[in-house]
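Working from the sequences, and respecting the hints, build out all of it.
The listed protein sequences derive, respectively, from chains A and B. First residue of the first sequence? That's 968 in the numbering used here, and the numbers climb one at a time after it. First residue of the second sequence? That's -2 in the numbering used here, and the numbers climb one at a time after it.
Treat the hints with caution; some may be incorrect.
[Claimed, not checked] DEER-style ranges, computed between Cβ atoms: (1) A:T1125 - B:I54: 44 to 54 angstroms; (2) B:G52 - A:D1057: 40 to 50 angstroms; (3) B:K(-1) - A:D1057: 20 to 30 angstroms; (4) B:L274 - A:G992: 46 to 56 angstroms; (5) B:R161 - A:E1121: 43 to 53 angstroms; (6) A:G992 - B:I54: 55 to 65 angstroms; (7) B:E190 - A:R1034: 42 to 52 angstroms; (8) A:G1136 - B:F3: 33 to 43 angstroms; (9) A:D1128 - B:H115: 25 to 35 angstroms.
What the hints contain is simulated information worked out from the structure, not anything from laboratory work. Quick caveat: nothing in here was measured; it's all calculated off a predicted structure. Beta carbons: idealized from backbone N, C-alpha and C, even for Gly.
So you can see what is in the structure, the chains are spelled out below.
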Amino acid sequence: MAPRVGVLALQGAVEKHMRHLEAAGAIPRPVLLPTDLEGLDAIILPGGESTTMSRLLRTSGLFEPLRDFMRSHPVLATCAGMILLSSQVDNLPYEPYALLDIDVDRNAWGRQIFSFHEDIPWALPSGNGSAAPEMLKAIFIRAPRITRQGVGVEVLATIKDEPVAVRQGHFVALTFHPELSADNRVHRWFLSEIVAPDSC
Amino acid sequence: MKVSTFEEKVGLAEMIKGGVIMDVTNADQAKIAEDAGAAAVMALERIPSDIRADGGIARMSDPKMIKEIQAAVTIPVMAKCRIGHIAEAKLLEALEVDFVDESEVLTPADDANHIYKHNFKIPFVCGCRNLGEALRRVGEGAAMIRTKGEAGTGNIVEATRHLRSVIGGIRRLTLLDPDELMAEAKNLGAPFELVKQVAETGKLPVPNFSAGGVATPADAALMRMLGAEAVFVGSGIFKSSDPERMAKAIVEATTHFEDAERLVEISTGLGQAMRGLDMAEIPEDQILQNRGW
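This is the structure we're talking about:
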């Protein structure tokens, strides 16, 4: 059965994630209310503004139900989504979820004029366990930096030796935006390796 | 590493989707906007309703004010330059604002041409009244389009008209035969390749936001229902009786626009919205939306 994957839809780049999920064979659903979480197999926390999303999480009544959901379901978090998931964030007037053991510096690459893309090597397991590194186009928009990762956190990809993609158990977090490129390998990898590791 | 290409420009517009961009005139207002959940702020010296009341020439804001606002908030900071004013745009680029609004709210500097925006590293947003105008701006390099409405009026009627015109224009294109697209491009005064792209995808090539006249949470919800992907609010917040509450309410209404019960809660007891202007009260030569070519 195709996995049902939610995309937190309070604000941000929701639509592009939904399209990639659909193309990768999942059934996407925007999540605005606690009831939207029912029956989902996983969730994506998209990019957007972390201050906006933090506030709306609290006013929508979604904050605690989403925390409970994420404790037991796979999560793919990109950019602002990663900020929400992390342990400590500089200069964010809201407490993050602290479900992923990383510290984050917001907008650490500078303002929009310094936003960039680069091909990075990422060992995307290609179906049957062979992990030949493939190049992946990573688009960074006013991107955060991971300034510390805990011992249980695996680094999936780096740029100039600093982590830009990490995994801890069922949490995957990226400082860049796989939803903005035409390539949906990250979404396919998330579905096959994290959401349904037994079915492929 | 490729820095600040068109992809990154549109990428930032994608990140602002579903959000509210608020006009602010100082650091204190910018903080109020950020705390209320604004996805970005527009730094300008006078909000449109004051520009309208004051008359005279409206120009780019003082860099000092823009820098103070940049220092006060972590969300993206936008600023306006006059239509066709390449030098003001260069100043804003040097200031590293996150988005430039080449805006009809300021007095145009060029009565025939807009800026060739692909020549800049920072992204631009431009206003439009219809699909042809939207695609001309995208052709020049705009990474975000906003319908113009009529700024500073607190009257949503023009924003509605422009949004319906753009969305209706897109819908119409998707129904045409390929043989009919060149004639339609000629009618629209729009680049053929972009007309073809819209006909195939049923979407503008860049995010489509709305502006000009939003004064209540219900106005913001209306824009979202009609297809706007985010909402600019100018005078509507800081000309209301309780800007902090109004700002929060408009942010929530922009997100929960399909939830009528939530909209009732959000809209209850907000105090006075800005007074507003009927279109018939505005002399023809003071209508801002007609600026832009």
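So, going through the hints one by one against the coordinates:
{"no.": "1", "hint": "A:T1125 - B:I54: 44 to 54 angstroms", "result": "holds (52 angstroms)"}
{"no.": "2", "hint": "B:G52 - A:D1057: 40 to 50 angstroms", "result": "holds (45 angstroms)"}
{"no.": "3", "hint": "B:K(-1) - A:D1057: 20 to 30 angstroms", "result": "holds (27 angstroms)"}
{"no.": "4", "hint": "B:L274 - A:G992: 46 to 56 angstroms", "result": "holds (52 angstroms)"}
{"no.": "5", "hint": "B:R161 - A:E1121: 43 to 53 angstroms", "result": "holds (50 angstroms)"}
{"no.": "6", "hint": "A:G992 - B:I54: 55 to 65 angstroms", "result": "holds (57 angstroms)"}
{"no.": "7", "hint": "B:E190 - A:R1034: 42 to 52 angstroms", "result": "holds (47 angstroms)"}
{"no.": "8", "hint": "A:G1136 - B:F3: 33 to 43 angstroms", "result": "holds (37 angstroms)"}
{"no.": "9", "hint": "A:D1128 - B:H115: 25 to 35 angstroms", "result": "holds (34 angstroms)"}
Hint violations for this structure: none, all hints satisfied.
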